[in-house]
Amino acid sequence: MAESTTLTQKDRGEQTVPESTRGVFFTPRVDIYETENELTLYADVPGVGPKDVDLRYEGGELILHGRVQPRHPEAQFALQEYEEGDFYRAFSIHESIDASRIEAECKNGVLLVHLPKVEQARPKQITVRGQ
Amino acid sequence: MTRTRWQPFSPIWNQMQQLQSEMNRLFDRWGDGNSGRGFATTYPAVNVWEDGESIFVEAELPGLEAKDLDIHVSGGNQLTLKGERKQNVPEKGVVHRQERGFGSFVRVLTLPTPVNADRVDAHFENGVLLIKLPKHEAAKPRKINVKSE
Chain U
0 MAESTTLTQK
10 DRGEQTVPES
20 TRGVFFTPRV
30 DIYETENELT
40 LYADVPGVGP
50 KDVDLRYEGG
60 ELILHGRVQP
70 RHPEAQFALQ
80 EYEEGDFYRA
90 FSIHESIDAS
100 RIEAECKNGV
110 LLVHLPKVEQ
120 ARPKQITVRG
130 Q
Chain H
0 MTRTRWQPFS
10 PIWNQMQQLQ
20 SEMNRLFDRW
30 GDGNSGRGFA
40 TTYPAVNVWE
50 DGESIFVEAE
60 LPGLEAKDLD
70 IHVSGGNQLT
80 LKGERKQNVP
90 EKGVVHRQER
100 GFGSFVRVLT
110 LPTPVNADRV
120 DAHFENGVLL
130 IKLPKHEAAK
140 PRKINVKSE
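Protein sequences, first through last, are from chains U and H.
Number 130 marks the last residue of the first sequence (numbering that gives the first Met the number 0); no jumps.
Number 148 marks the last residue of the second sequence (numbering that gives the first Met the number 0); no jumps.
Just so you know, these hints were derived from the structure itself, not from any lab.
Note that this is a predicted model, so its numbers are computed, not measured.
Possibly wrong hints are sitting among the right ones.
Claimed, not checked - Heads up, simulated DSS-like pairs for lysine-lysine below, C-alpha to C-alpha not over 27 Å straight-line:
| no. | chain 1 | residue 1 | chain 2 | residue 2 |
| --- | --- | --- | --- | --- |
| 1 | U | 123 | H | 66 |
| 2 | U | 106 | U | 116 |
| 3 | H | 91 | U | 116 |
| 4 | H | 66 | H | 85 |
| 5 | H | 66 | U | 106 |
Construct all of the structure, not just a fragment, from the sequences and the given hints.
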């Protein structure tokens, strides 16, 4: 059964780039789960603390921006398998999310966002009357 | 996001080449399920650098806590990073997108110089693990005086 995601990734062509981008930035890996009451989003943003996250909902779009300062700018790497930079990702949100109740926490480099559904979008049990 | 970048003019580059012979084992699916790379991705990605006194190893390990990590130094110059990340899927839910990796991992790095295992320091903050391995006394650089006749 095909399911439509109420949270869809914006296409590359439309992806808005923040004005304050500093050099290279990365797209964080994200998991999205849906339960009865909400959509839950987990984003891997290592090196980002709660104060470094700029999470915005505007124009039906959820925008994630995690700021990362280079941790060891003076280091001469003998082996470098990853680079450091800001994280950025944007998602289109279907109207069934109650934007005023979106909550987020950032712990151990993972951003967790709770997107509660509006009342009408929650599944309702329908009682069936007998004859 | 992970790319291997070698610094060919770094003094310990040749010895770091020996890192290629490290053992990397993946127990579960890690990294890019979507990118279709032919080879196994090693996890975690590490950055390594040194100063006169110590070797530094840094790894990005989001979603882990200090207690989920197992770090060993053995044989004077082998660093083993072990850990496990558990998935937190809600019981009655639907998965719309799944990009993050889960499971257990082991990575062994052979360091270019022997280190003092008793004084290794590991610090874990915001999903970033930084290990400082002080070099063994015999491995520290020594200035050699040149005598002239």
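These are the hints, each one checked on the structure:
Note on residue 123 of chain U and residue 66 of chain H: the hinted pairing is violated, with a Cα-Cα distance of about 41 Å set against a maximum of 27 Å. A distance of roughly 24 Å separates the Cα atoms of residue 106 of chain U and residue 116 of chain U; the hinted pair therefore holds under the 27 Å criterion. Straight-line distance between C-alpha atoms of residue 91 of chain H and residue 116 of chain U comes to about 16 Å, which keeps the hinted pair within the 27 Å bound. For the given pair, residue 66 of chain H sits about 13 Å from residue 85 of chain H by alpha-carbon distance, which is consistent with the 27 Å threshold.
Under the criterion of a C-alpha separation no larger than 27 Å, the hint pairing residue 66 of chain H with residue 106 of chain U is consistent with the structure, at around 15 Å.
The earlier numbered hint that this structure contradicts is number 1, and it is the only one.
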